[in-house]
Amino acid sequence: MDLLKRYLRPLLRRILVGLSLKSLAALAALFLPYLLAYIIDKVVPLKDVTMIWYFGGLMIMISIGGWISEIIANRMASRVARDAIVDIRHDLFTKSIYLSCAQMDKVTISSLESRLTSDTYHVHRMIGMMQRMGVKAPILLIGGILMTFFMEPYLALIMMATLPFITYLVYIKATKGISLYTLVQKAQDKMIAVVRENTQGMRIIKALARSDYEKDHYEQVNKAQMNAEKTVSNKMAIINPMMSLLMNVGLVLVIVAGAYRVNGGISETGKIIAFTNYFTLITNAMMAVSRMFVMYSKGIASAERIESIMQMSEDLKIIDKDDHSNDHVVEFDNVSFSYLKKKNNISNISFKLDAGETLGIIGATGSGKSTIMQLLLRFYDVDQGVIRIYGQDIRSYQPKELRDNFGIVMQNDFIFQDTIKENIEFGRIVDDNMIEQAAFSAQANAFIDELDDKFEHKLNSKGTNLSGGQRQRILLSRAFVSEPNILLLDDSSSALDYATDARLRKAINQKFKNTTKIIIAQRVSSIKHADQIIVLDEGKIVACGKHQDLLNESSIYAQISESQMGGALLD
Amino acid sequence: MTRKKTLKRLLSYLSESKYQLVLALFTALIANLLALYAPKVVGQAIDAIGVKNNVDFMAVYKYAIILLIMYLVSSLFLYILQRLLIIVSNRITYRLRKEIFDHLQDLPISYFDQNQTGDIISKISYDVDTINTSLSTDILHLFTGFITAVGSFVMMFMISNTLVIVVLVTVPVVFYIAKLRMHKVKPLFRLRSRKLGELNGFSEEMLSGAKTIKAYGQEDTMIAKYDEKDIEASDAYYNADYQGSILGPSINGINNLSLSLISMFGTILFVQGKLSIGAISSFVMYSRKFAGPINETAGIITEIQTAITAAERVFRLLDESVEKEDDTAAIELTDIKGEVRFDHVSFGYDPKTRIIFDLNLQIAPGKLFAIVGPTGAGKTTIINLLMRFYDVDEGQIFIDDIPINMIKRQSLRQAFAMVLQESWLFEGTIAENVAYANMEATTEEIINVCKKAHIHNYIDNLPDGYNTILTDNAVNLSKGQKQLLTIARAMLSPAKMLILDEATSNVDSNTEIQIQKAMLELMKDKTSFVIAHRLSTIKTADQILVLDHGKVIETGNHDELIRAKGFYANLFNAQFTQ
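As they're listed, the protein sequences go chains A and E. Residue numbering for the first sequence follows the numbering used here, starting at 23 and increasing by one per position. Residue numbering for the second sequence follows the numbering used here, starting at -1 and increasing by one per position.
Keep in mind the hints are simulated off the structure, nothing from the lab. Keep in mind that the hints are not guaranteed to be accurate.
[What the hints assert, rightly or not] Here are the simulated BS3-like cross-link-like pairs (lysine-lysine), alpha carbons at most 27 Å apart as the crow flies:
1. E:Lys449 / A:Lys364
2. A:Lys293 / E:Lys322
3. A:Lys562 / E:Lys450
4. E:Lys350 / A:Lys476
5. A:Lys293 / A:Lys69
6. A:Lys69 / E:Lys272
7. E:Lys350 / E:Lys449
8. A:Lys128 / E:Lys184
9. E:Lys3 / E:Lys184
10. A:Lys443 / E:Lys272
11. A:Lys237 / E:Lys322
12. A:Lys257 / E:Lys96
13. A:Lys443 / E:Lys193
14. A:Lys443 / E:Lys223
15. A:Lys422 / E:Lys450
16. A:Lys480 / E:Lys515
17. A:Lys208 / E:Lys209
18. A:Lys195 / A:Lys237
19. E:Lys209 / E:Lys193
20. A:Lys117 / A:Lys257
21. A:Lys364 / A:Lys562
22. E:Lys209 / E:Lys96
23. A:Lys365 / E:Lys449
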């Protein structure tokens, strides 16, 4: 509800103008039966055909007036709905993309996605429909009732006797509807998650010939959603028949009571005719109102799901700048962290790096290498200790200010559907020369040059039209192009052959002499020339030093090195 | 596909519920006939009221009771009708979703390589939703509306055939206007669906890449791109919506005109003594009843347009050609020895650029076969062809001397166990993920392979152990650990052949050495294809194939290739040079 208030308030003026026009149209519709009654009761007894022509003409003009104002009103309503939804979507997307990684892990991407697509759609529809039907139906309803009161208060009261029941019915159902529609959306989240998983893992599913299993799996979520939808539809199905029954009972009461009134000379037949006429109008309006309520509950259920994302609090607070403690480019000071807040994923990590220095991180699978990088980028906040960049706690930087320092390649990084150029540029302001330079350093120029349209070559979503090594080289170009202060390379050359990797290392050493580099690698050769090498094991630093020192001091490091190099020279 | 065909196909989904529909038709008929006849009775009651001191109360009560019964029955049938239609529309939604999903399972890999996940999701959720909304509510309205309109018309005709002329003039006008509008809004609705699909595709893509976007602080750039698509989609929606919404008021306006004319001529007829007051009342009520469904139809025409466009998108996916049907003579692989032969194979993902040129290979059963070469040389492509993710352009591939296009696909693929660089895990427990290749595996077997893959200790230390649920962003596992899980998964597979495409690229070399024994055991007696950059892992291969630009430039075992001092030797030595 708050969501709608917030986004519709700025549009209030236009909504009101539109609604006024809509009211005019509704009034026109209301006035017609009244005129008809007037003709029958007052004009006809005069037997004056010219008067009938005259009144008929008036009715026609009112009809046309209503027609035009309704078209204008509808147009305004569509426009308001569009303007509101553009903003809602913008804000929801902005919020989603700015959510902290921990929050995103919690909500899940597929749920965010369904909120951005399906839920905003329901809200869009609701805003449009509510404006279009939201005023006309109530005006016809209230106006119709007023008109009946105006003509025959006594009969009107009789007809209205059923109204409290109807209101109660609609209220109960609509409230219940909101929670039921929320369940439907939740079931849809689950369904989407399965589809998403399948489209991404199709190669494995096919390779393992597990299609039938996946079909069964989908069957369950599909059924679950169907049942959720069925429940709510069935609950809502009672509204219409029940309402029309109640209204019709009212009508019968009016006829019986009317008979007595006419018999007593207090009322006239013409009035009862007009009454039945208004009655149809009121019933139709009632039906429209009930349809609106169904749509309303659906829309509100969605609006609440959107709102729950928008209301998520800023997870990563910016703290005040502390005293400038030192000049190290990067410093980890006794850092510990756990994703699930159970067992530490990394514990008591400390190191310092100055400009131009290189840090190599090596260690077993799951030893916490990538976690260090995620913390340095402040994807998550440390549980204990401090990370500093240029002597300042990273929590005191604006996120953008912090991340502008980095050039990054992550494991299985992200490539989006656009040209190679756009993928390297990645929204930053760089010129073509810089892009070419970056591609050159990243050893990507060779294969890009072979393409017909070079840097303008279109890449598929996730880079499916590139080989693994080509993808990595595009990602490296992306990291290089902004000439960052700090380079973070997480397993960024695992798909490169040794020769290319060697050329890449050479290029990095030449081009990024003054850049601080953190390189996470499996290959000792990638880091053996680092100024410092950290050996991680189960989240702890077990050894630290230069290549030669570590060979002597750390059995783990010596082992890794041995396995990759020592025994390799067979002949 | 034309609109008519789409509509026809959409309606064909109704045939499965024909009993419900016949029953629905029946209830709708009763409910509406009763509702239709009611104004006539109301008219009679009013005529029975007559004037002061002359009311026929007996008659009034009689009509009142008749009316009450009619309304009660009518409402009851209306309710039954709604429940029936819910069943029908639910079934259609369910079936459409199922068909889409099942079809996705049959589509070739190239479809997933070329289409955004978000767009596919948009089809199975948003488009099907749209069809559903339309079918459940709109069919009901069209259904009852049609009966009401025809019935009202008949009743009006019976009351006064002179006054009906007014209706005969206005109705064709209504239909003409409706036709004009439809023509105008058709393309607008198409655009609207397409734009929305694009927007959804973009959202999915960006959310999937959120970490990278954050890392580069490019949120605002992506938001700006999103806004562009957002505005395009919203504008398309607005245009369709607004143009579509002109129809309703227009028809309403014409109906009001018609009411005015009826009032005018009706009263004139009354003055001339050709019509009773009660008859005018009934006629006006019928003309309103007549207008109601026509109005509603106009209102939902836009919804129907949306539904048809959505259906078009869904059907286009359903018509997307699936992997070529297995040849009728295709056989199941039994008793696989594991001999693989490539005979003059050529292939390119798009016809213009060849990736593989005239490739010839012969691999003896149970041998370890390694493929090396610079990135982009076509290594993964060979695997794609072997698994028939893509079909060769020229030449043929044989397994045990049977051309693979003569083997049932399922049987062919089941003959391989596969570990890829990108490890795919689904939402489910660790145990389920490991057992994915062999659902019959016992808990002991699962634990056993996890021990061999050196991941057991880690799993055992998790609070929920093997029952830990992996979610889509599984923060609880590193990339390397995920790979170890998929290796464990492959170990459970009974397949006779093995594909390892950069299977240990994210695993550190110490762990790799630790699992080496298990890997060797895994490869034992299996024909194995290994793609790896870490040359230490392929030194033991029986045969090494060096690929460059889709051509074989060297083959032999490690020692032979080193002695040859060619490409491989250079590659191998590169890791020791600075």
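Status of the hints after comparison with the structure:
1. A hinted pair counts as satisfied when its Cα atoms are at most 27 Å apart, and E:Lys449 with A:Lys364 qualifies at roughly 23 Å.
2. Proximity of A:Lys293 to E:Lys322 is assessed by CA-CA distance (about 74 Å); at most 27 Å being required, the pair is judged violated.
3. Restraint check for A:Lys562 and E:Lys450: satisfied, since their Cα atoms lie roughly 24 Å apart, inside the 27 Å limit.
4. Between the alpha carbons of E:Lys350 and A:Lys476 the distance comes to roughly 16 Å, so the proposed pair stays at or under 27 Å and holds.
5. Under the criterion of a C-alpha separation no larger than 27 Å, the hint pairing A:Lys293 with A:Lys69 is consistent with the structure, at around 19 Å.
6. Distance restraint check for A:Lys69 and E:Lys272: the Cα-Cα separation of roughly 14 Å lies within the 27 Å cut-off, and the hinted pair is therefore satisfied.
7. At roughly 47 Å between alpha-carbon atoms, E:Lys350 and E:Lys449 are farther apart than 27 Å, so this suggested pair is violated.
8. Restraint check for A:Lys128 and E:Lys184: not satisfied, since their Cα atoms lie roughly 41 Å apart, outside the 27 Å limit.
9. For the hint pairing E:Lys3 with E:Lys184, the CA-to-CA distance comes to about 15 Å; that is within 27 Å, so the pair holds.
10. About 83 Å separates the Cα atoms of A:Lys443 and E:Lys272, which puts this hinted pair outside 27 Å; it is violated.
11. Note on A:Lys237 and E:Lys322: the hinted pairing holds, with a Cα-Cα distance of about 20 Å set against a maximum of 27 Å.
12. With a CA separation close to 25 Å, the supplied pair A:Lys257 and E:Lys96 stays within the 27 Å bound.
13. With a C-alpha separation of about 24 Å, the suggested pair A:Lys443 and E:Lys193 falls inside the 27 Å cut-off, and the hint holds.
14. Restraint check: the Cα-Cα separation between A:Lys443 and E:Lys223 comes to about 16 Å, which is no more than 27 Å; the hinted pair holds.
15. At most 27 Å may separate the alpha-carbon atoms for a hinted pair to count; A:Lys422 and E:Lys450 exceed this at roughly 44 Å.
16. For a cut-off of 27 Å, the pair hint linking A:Lys480 to E:Lys515 is broken: about 43 Å separates their Cα positions.
17. At roughly 25 Å between alpha-carbon atoms, A:Lys208 and E:Lys209 fall within 27 Å of each other, so this suggested pair holds.
18. For the hint pairing A:Lys195 with A:Lys237, the CA-to-CA distance comes to about 35 Å; that exceeds 27 Å, so the pair is violated.
19. Proposed proximity of E:Lys209 and E:Lys193 is supported: the alpha carbons are some 26 Å apart, at most 27 Å.
20. Between A:Lys117 and A:Lys257 the CA atoms are separated by roughly 35 Å; this puts the pair beyond 27 Å, and the hint is violated.
21. Restraint check: the Cα-Cα separation between A:Lys364 and A:Lys562 comes to about 16 Å, which is no more than 27 Å; the hinted pair holds.
22. Note on E:Lys209 and E:Lys96: the hinted pairing is violated, with a Cα-Cα distance of about 33 Å set against a maximum of 27 Å.
23. Note on A:Lys365 and E:Lys449: the hinted pairing holds, with a Cα-Cα distance of about 21 Å set against a maximum of 27 Å.
The structure does not agree with the numbered hints 2, 7, 8, 10, 15, 16, 18, 20 and 22 stated previously, though it agrees with the rest.
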